[in-house]
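Protein chains in written order, with the working numbering: chain A, 1 to 323; chain B, 1 to 310; chain C, 1 to 377.
Hints listed in this document are in silico derivations from the structure and should not be mistaken for laboratory results. All figures in this text were calculated on a predicted structure; none of them were measured in a lab. Careful: at least some of the hints might be erroneous.
What the hints assert, rightly or not - With a straight-line cut-off of 35 Å between C-alpha atoms, the simulated DSBU-like cross-links for lysine-lysine are:
#1 A/K290 x B/K175
#2 B/K114 x A/K64
#3 A/K264 x B/K270
#4 A/K264 x B/K121
#5 A/K152 x A/K271
#6 A/K229 x B/K114
#7 B/K121 x A/K271
#8 A/K153 x A/K249
#9 B/K114 x A/K4
#10 A/K150 x A/K271
#11 A/K64 x B/K121
#12 B/K173 x A/K71
#13 B/K270 x A/K229
#14 A/K271 x C/K49
#15 A/K53 x C/K49
#16 B/K114 x A/K298
#17 A/K53 x A/K147
#18 A/K304 x A/K272
#19 B/K121 x A/K290
#20 A/K187 x B/K175
#21 A/K298 x B/K173
#22 B/K114 x A/K152
#23 B/K303 x A/K187
#24 A/K150 x B/K114
#25 A/K264 x A/K304
#26 C/K49 x A/K150
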Amino acid sequence: MKGKRFLVAGILMVLLAVGAFAAPFRIAVVMPSATNDMAFSQSMWSALITIQKEMGGESALVLKYSDNMYKVPDAGAAVRDYASQGFDIVIAHGSQYGSSIQEIAPDFPQVTFAWGTDVNTFGLPNVYAYTAAAEQGGYVNGVLAAKLTKSKKIGVTGPVEVGDAKTYIDGFVQGVQSVNPTISISKTWTGSFSDVALMAAAAKTHITNGADVLTGSSQSVVGSIGAAKDAGGVLWFGTQADQASLAPKLVVASQVYDWVGMLKDIIAKHKKGVLGGVSYTLTLENGGLKVAFNPGYKLPASVKAAADAAIKGIASGKIVVQP
Amino acid sequence: MKSVFSVAVVTGILNTMMGLATPFLYAALGETIAQTSGVVNLGVDGIMLFSAFAAFYATLTTGSLWLGLLAAALVGLLMGLLMSFVSVTLKAEQGVSGIGLYMFGLGMSSLLLKILIGTVKTVVGFPPVPIPLLSDIPVLGPVLFRNSILVYGAFLCVPLVWWLLERTTLGLKIKSVGQNPAAADSLGISVDGIRYVSVCAGAVLAGIAGASLSISLLDLFQDNLTAGQGFIAVALVYFGAWSPVGVLGGALLFSAVNSFQLWVQVLGVKIPASVAVMLPYVLTIAALTVTVNRMRQPAALNKPFERGES
Amino acid sequence: MTTDKATGPTRGNRVPGVDWSRIALNVVLPVAGVVFALLLGAGMLLILKANPLAAYASLVRGAVGSRFGLTQTLVKATPLLLVGLGICIAFRANVINIGGEGQIIAGALMSTWFPLFFHTWPGWLLIPATMIVGFIAGAFWGFIPGILKARLNVNEILSTIMLNAIALQLMNLLLQGPLMDPAGVAAHTFLAQSAQLPQAVWLPRLVPRTLLHAGAIVAVVLAVVVYVFLWRTTIGYDIRAVGLNPDAARYSGINVPTFQALSLTLAGGFAGLAGVVEVIGVQHRLLEGLTSGYGFTGIVAALMGSLHPIGLIPASILFGGLLVGADTMQRAAQVPSSLVDALLGLVVLFVSGSALWSRRWASKRRTAEQMDQEGTA
């Protein structure tokens with residue numbers, strides 16, 4: 001009977017729709033260090049976990065990861081493997097993965113590839129690129145640091161002068177100098193992203209030299225924070241992730257990479273059929289970069305106001321920070 | 001503008017040097033014992049990492065630093081037994097078994113950090129203990145005599161290991177097993193047994209080296225905390241020509257130059273950072289080219305012992 | 001009286017240096033070692049609530065179960081084979097080369113700068129020239145510890161460990177400055193990588209849509225070359241003599257330190273070549289992390305190949321497959337990669353332990369050969 005056929009068709013369509021709804025979205029991420037590195041990799045992983053929670057958990061969003069992929073050909077193999085498993089989005093979270101993405105993306109036109117930190121989408125329709133304007137948060141931190149230092153000496157403990165370690169610190173220096181160009185800024189580079197002991201020794205050296213405010217980048221800065229704690233009275237400014245938990249009394253603020261907004265945009269675009277072609281930059285203006293003030297540190301109101309002014313200035317474009 | 005040779009800077013360098021040298025001293029002195037008996041253990045870094053985690057975790061969960069130290073020594077012992085079993089009993093190629101031990105220790109420490117703790121946390125480590133009277137000596141006092149127990153312990157190990165190797169019967173046996181295992185064997189000394197003891201002793205010291213990092217100097221644990229220091233420690237054994245005093249010299253030289261290059265950077269001297277970072281490595285090689293290597297290496301180093309083989 | 005050196009390498013077999021029964025043992029026992037380690041690993045997987053059978057199945061699938069997996073295994077085997085060949089030569093002279101990481105960097109640096117500088121050269125000239133200068137750069141980085149040992153008695157384990165760190169900082173220095181990709185500077189991303197190398201120097205890919213490159217063939221050819229070198233030339237003979245019995249070699253007039261230095265130099269060259277093929281074959285540029293630990297894993301591969309250049313070919317494929325499969329297992333079981341590292345460490349531990357039998361066997365054969373020699377003297 002016609003009516004029965006319509007009913008069956010109707011039920012089938014509803015089931016299909018429900019099925020489509022029920023099929024979880026799948027994202028895989030490949031990253032160069034551990035998910036708990038208090039820095040670069042952690043920032044992406046925590047963003048993905050946040051989105052998973054918001055979307056309703058594992059039934060809505062399946063997340064798979066491969067960490068410690070600092071060997072690039074292995075990372076490439078991982079990306080290709082996830083792509084061939086039919087993941088919707090494969091994120092290659094490391095600037096060294098660029099050439100792998102360039103090679104692999106054309107082979108999987110249905111998959112969205114997102115990689116960073118860089119701006120290059122290689123002209124491919126299914127590649128998104130992303131980067132963080134780390135120099136912006138660096139500038140704000142620099143303004144705060146310049147206002148809070150009593151000894152007028154600031155120390156920077158860096159790993160290797162490349163990538164967003166370099167841009168963050170360059171921005172920081174500009175921020176300090178915009179407040180008081182006579183403040184002395186010393187920089188050390190340990191030559192390694194993981195040598196915590198050497199980073200701690202570097203921080204100690206700055207402190208012995210009279211610095212009472214420190215900043216730096218990479219997962220090994222946990223060593224610098226430790227040295228600041230030991231010395232007591234030395235303040236810390238962080239980047240890439242909120243480092244307040246490591247020294248609740250000394251961390252003033254951290255620049256936080258918040259990938260959530262960008263990831264939501266990529267997911268939405270993918271669902272609409274736009275698989276790539278956009279280059280994202282996290283900035284203070286679009287909320288991808290946030291300056292997380294440590295509630296445990298009492299910031300004088302005037303200093304906070306200066307920081308807020310800097311944030312506004314950068315966001316509006318009045319202050320231009322050169323990366 | 002401070003010059004690199006002002007008093008404040010020199011004392012600063014010495015102070016940092018003490019902390020930097022501590023893990024090298026424990027690990028290298030331990031490796032000296034192992035190598036004196038004829039076994040090369042390239043896995044020291046892995047032992048340091050696993051023990052560092054154990055010490056940190058024990059301290060974090062029990063609140064006791066001494067339990068943490070004990071945990072580190074225990075894990076070191078277990079790793080030492082594993083290494084002895086593979087390298088002495090199974091007579092493995094020691095360079096390779098050491099690499100395997102390193103990979104194992106590195107992997108286990110990171111894995112356990114992830115599943116047992118999850119994130120990077122800190123503990124309150126061994127506090128600095130000023131030695132009465134000595135720490136009041138002007139200039140050098142605070143530098144040398146206001147450090148934590150584990151730092152003092154590292155320097156104390158130099159005469160202790162010397163005394164062990166030069167003044168005890170066990171030391172005599174260790175040396176004979178390393179120099180001429182066949183002769184030692186014919187005298188009734190258990191070559192394998194002595195090697196087990198030496199490798200394990202070395203591993204326990206490597207474990208304490210790890211603890212010195214995670215519950216004294218840095219007060220935290222993170223993936224790959226040692227960043228290869230264990231390998232430098234092994235290199236220092238060769239630098240010191242298997243003599244504890246020589247190893248002390250190497251550890252101090254390397255750490256002092258490392259400390260110095262950080263000051264060079266802080267004071268803004270215009271040399272590229274990478275060149276500064278290279279200095280300790282370059283100078284360590286350079287130092288060896290100008291000193292005379294008086295002691296020869298243990299003749300049976302890196303050779304598993306087989307009764308009946310020459 | 002024979003002019004043969006009395007305790008020199010064997011001359012008894014039809015094919016010098018190829019002992020078939022020993023090969024059988026050397027295949028069986030490392031595999032047994034691997035199996036034992038995997039059993040322990042299964043325990044760890046169970047603790048982490050992963051299914052060991054499924055995990056190991058994915059390990060095998062990842063290594064050889066797909067076209068891409070198989071080519072990836074060969075891609076990993078290539079630098080293992082090259083570094084291993086160098087280790088082989090050094091080991092035969094009783095020198096252990098742990099300077100591989102630094103030597104790989106030396107070769108990689110040279111094979112980045114050279115094609116960028118001579119970017120107008122055609123491929124048929126640029127590729128071999130780059131490989132040669134890369135080899136020389138690595139050889140230089142092996143020559144330094146070699147000559148320091150021969151002339152100044154500086155222990156080579158010390159100097160190679162130091163030189164590894166020095167090479168790494170040298171690479172940092174160059175990547176932060178003159179070698180940094182101008183595109184990265186212009187875009188203010190300052191990535192730690194060089195500009196992409198001219199296409200003329202890219203090693204041709206053997207299988208489309210994979211990373212397998214012609215360097216694999218070069219490596220296999222070189223394995224045969226090294227075999228011929230060690231067993232059919234006087235220099236090779238002398239190197240092996242130095243390793244088997246340095247005192248006897250000295251008495252027969254071989255300058256032991258010189259040959260040990262030579263073996264370190266050659267080992268450095270081959271490690272440098274591994275760096276070259278990673279740069280011009282896989283990445284097409286220089287970037288941080290390029291060495292991938294091959295300086296150490298190459299030593300493991302060399303042991304698994306019983307320190308024989310021909311044996312190294314299957315050994316590096318096996319070990320390469322293990323590395324590739326381990327990553328696949330991590331993805332499939334979603335266990336932390338550190339578990340996989342620990343597992344690999346166990347594998348290496350027990351594979352090295354299974355050398356017990358081959359060493360005993362080797363010493364028994366050596367005594368038999370020595371008696372052979374004296375018999376025919």
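Consistency of the hints with the structure:
Of the pairs offered as hints, the one joining A/K290 and B/K175 is violated, with about 62 Å between alpha carbons and a cut-off of 35 Å exceeded. For the hint linking B/K114 to A/K64, the alpha-carbon distance of about 16 Å falls within 35 Å, and the restraint holds. Distance restraint check for A/K264 and B/K270: the Cα-Cα separation of roughly 46 Å exceeds the 35 Å cut-off, and the hinted pair is therefore not satisfied. A threshold of 35 Å between alpha carbons decides the hint, and for A/K264 with B/K121 the separation of about 30 Å falls inside it, so the pair holds.
Only pairs whose Cα atoms come within 35 Å are accepted, and A/K152 paired with A/K271 is rejected, the gap being roughly 52 Å. Between A/K229 and B/K114 the CA atoms are separated by roughly 24 Å; this keeps the pair inside 35 Å, and the hint holds. Straight-line distance between C-alpha atoms of B/K121 and A/K271 comes to about 39 Å, which puts the hinted pair past the 35 Å bound. Restraint check: the Cα-Cα separation between A/K153 and A/K249 comes to about 20 Å, which is no more than 35 Å; the hinted pair holds.
For the hint linking B/K114 to A/K4, the alpha-carbon distance of about 57 Å lies beyond 35 Å, and the restraint is violated. Our distance criterion of 35 Å between C-alpha atoms is broken by A/K150 and A/K271, whose separation comes to about 53 Å. Taken as a hint, the A/K64 and B/K121 pair is honoured in the structure, with Cα atoms around 25 Å apart against an allowance of 35 Å. Only pairs whose Cα atoms come within 35 Å are accepted, and B/K173 paired with A/K71 is rejected, the gap being roughly 45 Å.
For the hint linking B/K270 to A/K229, the alpha-carbon distance of about 30 Å falls within 35 Å, and the restraint holds. For the proposed pair A/K271 and C/K49, the alpha carbon gap of about 33 Å is at most 35 Å, so the pair holds. Under the criterion of a C-alpha separation no larger than 35 Å, the hint pairing A/K53 with C/K49 is consistent with the structure, at around 23 Å. Taking the CA atoms of B/K114 and A/K298, the gap is near 33 Å; set against the 35 Å cutoff, the hint holds.
At roughly 39 Å between alpha-carbon atoms, A/K53 and A/K147 are farther apart than 35 Å, so this suggested pair is violated. At most 35 Å may separate the alpha-carbon atoms for a hinted pair to count; A/K304 and A/K272 exceed this at roughly 41 Å. Note on B/K121 and A/K290: the hinted pairing holds, with a Cα-Cα distance of about 23 Å set against a maximum of 35 Å. As the CA atoms of A/K187 and B/K175 are separated by approximately 48 Å, the hinted pair breaks the 35 Å bound.
For the proposed pair A/K298 and B/K173, the alpha carbon gap of about 63 Å is over 35 Å, so the pair is violated. Of the pairs offered as hints, the one joining B/K114 and A/K152 is violated, with about 40 Å between alpha carbons and a cut-off of 35 Å exceeded. Between B/K303 and A/K187, the direct Cα distance comes to roughly 47 Å. Violation of the 35 Å bound is thereby established for this hinted pair. Taking the CA atoms of A/K150 and B/K114, the gap is near 39 Å; set against the 35 Å cutoff, the hint is violated.
For a cut-off of 35 Å, the pair hint linking A/K264 to A/K304 stands: about 30 Å separates their Cα positions. The straight-line distance between the Cα atoms of C/K49 and A/K150 is roughly 54 Å, outside the 35 Å bound, and the hint therefore fails.
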